[in-house]
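Peer 1: Next come the chains, spelled out residue by residue.
2 protein chains.
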Amino acid sequence: MKLTRAADYAIRGIIYMAMQPEGAIVVIPEIAREMCIPVGFLGRIFQSLNRAAIVISHRGKKGGYSLTRDPAQLTLKDVIEAVEGNISLNVCLDGYSNCERMAFCPTRKHLADIQNNLVAELEKYDFALLAREEKMARAGEKTP
Amino acid sequence: MKLTRAADYAIRGIIYMAMQPEGAIVVIPEIAREMCIPVGFLGRIFQSLNRAAIVISHRGKKGGYSLTRDPAQLTLKDVIEAVEGNISLNVCLDGYSNCERMAFCPTRKHLADIQNNLVAELEKYDFALLAREEKMARAGEKTP
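If you read the protein sequences in the order shown, they are chains H and L. For the record, in the first sequence the residue sitting at position 22 is 22 according to my numbering, with numbers rising by one throughout. For the record, in the second sequence the residue sitting at position 5 is 5 according to my numbering, with numbers rising by one throughout.
Looking at chain H on its own, in the form it has when it is part of the complex:
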């Protein structure tokens, strides 16, 4: 019950993107350096974010990635699900399970409630907020 490393790095990468001016194209090595992420791994993560239409890739000399939407419209849930797939707290909640107990299991309903709460929590935090806080934290670090 833990975020994967890929999801943790995806969150950091999108925070950095959201700190840039609207429409900015950013390259992977810059994001990796600024957010302390291994560059090769981050490249693969951004391919997932591209497939999920959270970023778009630009080819050529000035190529890189840009966000496809306003960071205020993008939440922790969106970025985690882009990398890990739909959040499901238990295997019986992923839509593919054929557990023998599914039809009557009372515990499954509680896990579904807990999951819905978790998803709602993750939707509370958008990347405009996270980027704003990251900027403030960095400014605080540089002028103690």
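Don't read these hints as lab results, they were simulated from the structure. Careful, some of the hints might be misleading.
A pair counts as met if it fits within one copy or between any two copies, since identical chains are not told apart.
[Said to hold, decoys possible] Cut-off 27 angstroms, straight-line C-alpha distance, at most; resulting in silico cross-link-like pairs (BS3-like, lysine-lysine):
no., residue 1, residue 2
1, K135, K109
2, K61, K2
3, K135, K77
4, K124, K62
5, K77, K62
6, K109, K77
7, K2, K77
8, K61, K109
9, K109, K62
10, K124, K61
11, K109, K2
12, K135, K62
13, K135, K124
14, K2, K62
15, K61, K77
16, K124, K77
If you're wondering where the values come from, they're calculated on a predicted model, not measured in any experiment.
Knowing the structure of chain H, use the given hints to seat chain L on it.
Peer 2: Relative to chain H, chain L alone:
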């Protein structure tokens, strides 16, 4: 961000234990059969539950496992943590991380809040409740 199979089976196993009269000693093959769990895997899971002092093992001809406490004092959180270790939503919250960003990362604080909420949710459900509901669900199945 999903329960392991071991945690899922541990929850089922403890529900079955909690359905029995106080102090009852139950054998693994019976729990496995009643709760649709592979018997070998369940044996290993109960060793973890034993180490976490949630069940105690009894040797001999009438050997097996019994609960160490009132099911009303045992929550989903306890049983999940016995099998998976302390719940930590991200690697930076497990107490062992040395992430370079830890001292100032604003996102870590939000993940900690989300985690605290998740833990509080898991603490809401005790095994007296889950066992009572399981009994009702089974009775409903048998007398439709």
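Peer 1: Among all the numbered hints in the text so far, which are the ones the structure does not match?
Peer 2: When the structure is compared with the hints, numbers 2, 4, 5, 8, 9, 10, 14, 15 turn out to be violated.
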